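One line per chain: the protein sequences are A and B, in this order. No gaps in the numbering here: position 115 of the first sequence is 114 in numbering that gives the first Met the number 0, and each next residue is one more. No gaps in the numbering here: position 73 of the second sequence is 72 in numbering that gives the first Met the number 0, and each next residue is one more.
Don't take every hint at face value.
Claimed, not checked - Under 10 Å between C-beta atoms, here's a sample of chain B residues computed to sit facing chain A:
{"no.": "1", "residue": "Glu-31"}
{"no.": "2", "residue": "Arg-70"}
{"no.": "3", "residue": "Ser-72"}
{"no.": "4", "residue": "Ile-87"}
{"no.": "5", "residue": "Ala-115"}
{"no.": "6", "residue": "Tyr-134"}
{"no.": "7", "residue": "Gln-137"}
{"no.": "8", "residue": "Lys-143"}
{"no.": "9", "residue": "Val-348"}
Unchecked claim - Residues of chain B placed beyond 10 Å of chain A at every Cβ, according to the derived structure:
{"no.": "10", "residue": "Trp-32"}
{"no.": "11", "residue": "Ala-78"}
{"no.": "12", "residue": "Thr-94"}
{"no.": "13", "residue": "Asn-95"}
{"no.": "14", "residue": "Ser-99"}
{"no.": "15", "residue": "Ala-146"}
{"no.": "16", "residue": "Ile-216"}
{"no.": "17", "residue": "Met-222"}
{"no.": "18", "residue": "Ala-253"}
{"no.": "19", "residue": "Trp-329"}
{"no.": "20", "residue": "Ala-352"}
{"no.": "21", "residue": "Phe-362"}
These are calculated hints, taken from the structure and not from any lab test. The model shown is predicted, which means the values in this text are computed figures rather than measured ones. Ideal placement from N, C-alpha and C gives every residue a C-beta, glycine not left out.
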Amino acid sequence: MLSSQGWGCLFKFVFLSGLLLPAVACTGPGFDTTAGTVANSLQINSSIEAVNVFLSTGKCSNAISTIYPLYNSINSNNSIRFATASAYGCSAHINLLNNINGLLTFQSDSVLGLLFEFAANQFPSVANPDDKIPQAAENGTDAVQAIIQSGTVLVTAYTVNSTSNNPISLLSGDRLNDANSYLTFLSLALMGSLENRYATPSASNFYHKSNNLPWTTAATAIGDGCAYASAVLNYFDGIDFVQSVAPPSVASIYSNIQALEPQLNYGCCLGLQTCGFAGSCGASIPCNLTGGTCSTCTSCANCPSLCLKCPTTLRSRASCTGLVTDQNSCAAAGLVSQINDVLWSGPP
Amino acid sequence: MNWKGSFVTFTLFSFAFNYGSTDFVPLVYGDEWRPLYRGARAQAMGNAFVAVADDEQALFYNPAGLAGIKRFSFTVASANLDVSNDLINNYPTITNVLSSPSLTSLNTFLGKNLYARAEGMVAFTLPGFEIAGIYDQQVAIRLKNLAFPQGVLGSQTTDGVQAGFGFRVLKLKRKKGEWRVGLSAKVLWRAGGFQTPSLTQLLTLNSQSITSNISSIGIGYGMDLGSQFIYNFRKNIVFMSGLAFTDIGTTSFASAASPQLSNLTAGLAAKYTASDMILTFAYDYAHLLDSTMDWTRKLHMGLELKFPVVSLSIGMSALSLTYGVSLDFWLLRASYVVYSEDQATVSNVDSEARTMASVMMKFDF
């Protein structure tokens with residue numbers, strides 16, 4: 000048998016080793032949210048992992064409250080921004096696999112209206128009580144637009160919140176491919192939720208709109224109107240990339256949607272003309288789009304930016320001032336009018 | 000549609016992943032550390048085994064332990080099967096999903112840790128020497144986040160041969176103790192690995208980029224070094240310490256297969272022997288050279304109570320409870336172990352509970 004000295008020695012050995020356990024069990028990677036506090040990689044990684052676990056069971060609020068202190072701090076990086084975007088995506092009711100499946104199985108009676116009807120189908124939303132889907136999608140978009148490729152020089156004219164911890168680039172080429180891919184879903188959520196709130200799509204009639212989207216003049220194309228137009232453009236920025244890297248069997252699905260892009264550019268062009276911008280290019284600039292190309296713009300130096308493409312700065316939902324002298328407001332109004340009049344079926 | 004089936008297939012059964020996108024950002028995920036060999040006895044003791052290693056498993060945990068082996072033995076077959084509890088509990092659901100796969104049904108997998116591992120080993124052991132052949136096959140699907148699916152997908156097959164020597168370099172007077180060192184070398188063939196697919200890969204269903212490494216088998220050479228110090232405190236009390244450096248410099252493969260990461264572990268143990276019982280306590284601190292790993296994941300401790308036929312073990316691997324029972328019937332040893340592996344950066348954020356069943360047939364001479 001063990002002597003008393005032996006037992007004592009064995010006890011001390013076990014005890015001292017075991018003493019570490021409760022100490023360890025009570026410690027964690029807690030993050031001090033005090034402004035300026037630097038979090039270490041363990042704290043950041045464990046927070047992101049906790050977000051992923053929360054989002055596996057739809058605990059969106061828990062995920063946001065876990066990641067937001069890091070996102071809103073000097074520690075923010077692309078991994079944190081991805082986690083933030085997905086937490087807001089959860090609040091915006093994005094279920095990525097369901098959404099992809101929905102796109103592939105959605106029955107539409109119109110190729111032109113497919114995107115808008117599908118968005119309305121996937122993201123029903125009501126303002127009273129406010130389900131906050133549009134706001135969540137907008138916050139997620141902010142996070143994902145801040146996921147910039149390393150080494151990128153940001154252009155001041157296309158940078159939003161440049162002094163924040165998460166500066167946004169409106170140029171899709173500045174962002175990581177995965178960011179642009181996820182942007183398509185956040186944009187879809189924003190489009191669909193606003194469509195449900197303002198156009199009352201009919202579930203029994205291929206999600207045709209029951210009334211027009213209201214933002215058809217520069218004066219009204221602010222707030223939700225500007226957000227809607229920016230979501231449409233951001234969606235196409237993302238889909239351009241996804242379509243370019245997809246294998247042929249899948250690329251064709253995205254191509255059907257991508258084919259609408261010239262129509263959107265045409266809508267922006269008409270909106271700019273309505274505000275008189277086309278006149279500044281001369282009377283011979285009729286925005287005569289043929290296959291998406293404005294063939295008569297060659298004589299005007301600034302025509303390409305006005306006629307061939309919607310303004311890059313309209314990718315920011317806060318870019319519209321509501322004035323007829325504002326290109327973004329005018330282009331947004333024209334884009335919405337084009338959707339109302341040509342692309343999305345339904346009265347009036 | 001046909002491509003949907005392809006999507007499901009590649010998601011579930013992809014054998015290797017090759018990222019075509021050059022700007023892929025590794026989605027942060029703790030993942031587990033995967034030892035080359037996971038023995039039932041060590042696992043039941045919380046993987047605290049570096050100082051204890053005194054049997055045929057010493058070759059993989061600490062080759063210095065081979066110096067303590069006094070008999071010839073031939074392990075005809077040792078088979079371990081590890082399965083995650085999520086896989087066991089959700090098996091009927093998963094079977095249904097696989098019988099009619101769809102994109103939506105893949106949501107079934109989100110938040111669940113699905114893992115299975117089959118491992119076989121054959122070994123010939125002499126005093127101070129062992130040579131063993133191993134076969135290891137493991138698959139895992141760990142997807143999280145409904146809004147932005149991500150996580151670990153993978154499959155890995157490893158075959159190999161490992162041989163090692165253990166010898167005594169110092170002996171204390173009056174048989175008070177000894178210092179052992181050991182060295183082993185291995186040659187492994189591995190295909191596949193564990194990776195995280197990017198969102199773009201999921202969206203574009205680019206299975207070609209994912210499956211291009213299926214047949215890519217790479218060869219790798221590795222070396223382990225170990226040390227043990229045995230101190231006979233009393234006739235029936237032994238204190239032990241160990242230091243093992245496995246896969247020194249990381250065993251890499253001549254393909255895209257996942258490398259076998261190096262691990263430096265220090266351990267302490269105490270053994271008390273009574274008439275028909277051996278009580279062993281062990282404590283390891285692993286991954287000494289990994290400064291990025293949370294220290295709670297480095298802690299291992301275990302207790303083994305060994306009787307002539309039955310062995311009972313309990314332990315803590317990181318902060319997760321492990322326990323097991325082992326039965327010895329002449330040539331046969333059967334073990335049942337329950338343990339958890341952390342799949343996150345820190346302990347207890349995402350613990351994967353597993354069950355291991357092990358059968359070994361061994362001749363002692």
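Hints and how they fare:
1. Glu-31: It is violated, given that the least Cβ distance between B:Glu-31 and chain A is near 13 Å, above 10 Å.
2. Arg-70: With a minimum Cβ separation of about 28 Å from chain A (threshold 10 Å), the hint on B:Arg-70 is violated.
3. Ser-72: 30 Å, violated
4. Ile-87: 19 Å, violated
5. Ala-115: 20 Å, violated
6. Tyr-134: 32 Å, violated
7. Gln-137: Violated, because the Cβ-Cβ distance from B:Gln-137 to chain A comes to roughly 21 Å (cut-off 10 Å).
8. Lys-143: 4 Å, holds
9. Val-348: Check passed: Cβ of B:Val-348 comes within 5 Å of chain A, closer than 10 Å.
10. Trp-32: 15 Å, holds
11. Ala-78: It holds; B:Ala-78 is separated from chain A by about 33 Å at its closest Cβ, greater than 10 Å.
12. Thr-94: Holds, because the least Cβ-Cβ distance between B:Thr-94 and chain A comes to about 19 Å, which exceeds 10 Å.
13. Asn-95: 16 Å, holds
14. Ser-99: For B:Ser-99, whose nearest Cβ neighbour in chain A is about 13 Å away, the distance exceeds 10 Å, so it holds.
15. Ala-146: 4 Å, violated
16. Ile-216: 26 Å, holds
17. Met-222: 30 Å, holds
18. Ala-253: 29 Å, holds
19. Trp-329: 31 Å, holds
20. Ala-352: 15 Å, holds
21. Phe-362: 35 Å, holds
This entry does not satisfy hints 1, 2, 3, 4, 5, 6, 7 and 15, going by the numbered hints stated previously.
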